[in-house]
Amino acid sequence: MDDLYRDFILEHYKRPKNFGELEPHDLEAHEHNPLCGDELGVHIRVGDGKVEDLRFHGHGCAISQASASIASEELIGMELDAVASLDADWLLDLLGIPISATRRKCALLSLKAMRAAITGEGSWPV
Amino acid sequence: MATPATATESTLDIRGDFPILAREIDGRPIVYLDSGATSQKPEAVLKALDDYYRFHNANIHRSVYLLAQEATELFEGARERIAAFCGGETRTTIFTRNATEAINLVAYAWARRELGRGDAVLITEMEHHSNIVPWQLATEDAGASLRHLRVSDDGLLSLEELDAELAKGDVKLVAVAHVSNVLGTINPVAEIVERAHRAGALVLVDGSQAVPQMPVDVGQIGADFYVWTGHKALGPTGIGVLHGRAEVLESMRPFLGGGDMIAHVDIERSTWNELPWKFEAGTSMIAEAVGLGAAIDYLAAIGMERIRAHEHALTDYAMAGLGAVEGVKIVGPTERAGLISFVIDGMHPHDIAELVNRDNVCIRAGHHCAQPLMRRLGVGATARASFGPYNNQADVDALIGSLGRAREVFGL
Chain A
9 MDDLYRDFIL EHYKRPKNFG ELEPHDLEAH EHNPLCGDEL GVHIRVGDGK VEDLRFHGHG
69 CAISQASASI ASEELIGMEL DAVASLDADW LLDLLGIPIS ATRRKCALLS LKAMRAAITG
129 EGSWPV
Chain B
5 MATPATATES TLDIRGDFPI LAREIDGRPI VYLDSGATSQ KPEAVLKALD DYYRFHNANI
65 HRSVYLLAQE ATELFEGARE RIAAFCGGET RTTIFTRNAT EAINLVAYAW ARRELGRGDA
125 VLITEMEHHS NIVPWQLATE DAGASLRHLR VSDDGLLSLE ELDAELAKGD VKLVAVAHVS
185 NVLGTINPVA EIVERAHRAG ALVLVDGSQA VPQMPVDVGQ IGADFYVWTG HKALGPTGIG
245 VLHGRAEVLE SMRPFLGGGD MIAHVDIERS TWNELPWKFE AGTSMIAEAV GLGAAIDYLA
305 AIGMERIRAH EHALTDYAMA GLGAVEGVKI VGPTERAGLI SFVIDGMHPH DIAELVNRDN
365 VCIRAGHHCA QPLMRRLGVG ATARASFGPY NNQADVDALI GSLGRAREVF GL
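Line order of the protein sequences matches chains A and B. Heads up: the first sequence begins at 9 in my numbering, then just goes up one per residue. Heads up: the second sequence begins at 5 in my numbering, then just goes up one per residue.
One chain only, chain A, in its complex shape (with noise of 0.2 Å):
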């Protein structure tokens, strides 16, 4: 088996969860990342200071659509406070595969766009 490539990251990349839109949403962002082109909205809804729900849509590999689709089904029902506040760490150790410097913003791309929903401010997560 494929180190990077493990049968569950190809399972979400084939099928991602909470892929599409969400209408109507209270929060959105649109992230993109400039060496590759990959391009990444998020749309949530907010119910009592928590993420209701959430749809994530756009292009990528493998590795940044896996880890959307992974950080979606956590990010459902987590307070945005504590949202806002979660480190490329918290994604990196849940997607548990070997990412090079040259894949983490593949990987870190999702983060980045569901925090800026939230937070208005769209930094790279570290």
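Bear in mind the hints are in silico, worked out from the structure with no lab data behind them. Given the structure is predicted, the values throughout are model-derived calculations rather than measurements. Treat the hints with care, since some could be wrong.
[Stated by the list, open to error] Some chain A residues judged to face chain B by a derived CB distance under 8 Å, without partners named: (1) Asp10; (2) Gly45; (3) Val54; (4) Gly68; (5) Ala70; (6) Cys114.
[As the list claims (entries may be wrong)] Derived DEER-like restraints, expressed as beta-carbon distance ranges: (7) A/Thr110 <-> B/Asp264: 51 to 59 Å; (8) B/Gly147 <-> A/Arg23: 48 to 56 Å; (9) A/Asp15 <-> B/Ala304: 47 to 55 Å.
Glycine included, C-beta positions come from ideal geometry on N, C-alpha and C.
For this one, chain A is given, so just place chain B on it according to the hints.
Only chain B this time, still in chain A's reference frame:
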């Protein structure tokens, strides 16, 4: 492996001249298919760089001692040979840091002076960002407009559309790639220059992908500015070339101010050195020019016609082989230079590049600094294999075999 019946292995075999191609990673050779991004360097270039620093290093154009004379002769000798290699004149062959800087030189020293309200710059949808962004900045500063020619579904420009744009009467400059770094399209630049000149517009040609792989005669093309970069043409990084038309260069102000580019300096004003040094402020990239001189000597000794024939045959072989891989879609025209951009259904180009790297196959994936073209093609990114004179059919076979394994990982 699908081998086209007509394909015959070209006789050009120069791999042994490129030390890096002898390197093995995990006991297996490197399959370098990214010469469109940068070329590998032959021993002759490495030796020229080393010899320069080891035996001749001194600053040029200034001192009377022997080392300085040798360095100056090596630097100016390289300029003479590089000019002749491209069919240009020595005094209109200007060294820059790269093609991007050469375009910016024109954008600052020509466009910002010559463009005004109501004027237009015409670019194309297939340009590299380096031939888009400088014109966005310059037209914005000058209050001029920026228009573009579209790319057809076949990856070609339309001369009729060019004529229609020129007929509007406001185009002062046409900026166009000689060879597209994504599509491989070879644009009819001499024809474009003729039509633009008839309409009173100047032309800048970006030859970064052309000079390394085909005979280029800037005199015959007739562009007012023809730019290219050394590192894609077997030379070192840090050196590019601008071939200009003498009367245009004479009429221009300098780009960067500083030492070497002046004739006389008073504390309040100065006069400019003659061509080409008027555009070369500060200590030049001496070793890099010497290295690029060695690179074009190497290319000239093989012969650019022969290199083009070799890469043409190899590209045809690769087009047939790649086209036969299930799910592969090649973008761009049939007749093309030595590069092939492609996508695979169900696999993102980054994942393709990552997986073929497991077999030491080096290809580029991404938007290739051509985001407007990516949008035109309706893709976010492509994978690209591009060839140098050192590549052979075994490299193409390795790529195709590796793509098959990559598809298996993705369950395709």
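Sort out which numbered hints this structure fails and list those numbers smallest first.
3 and 7
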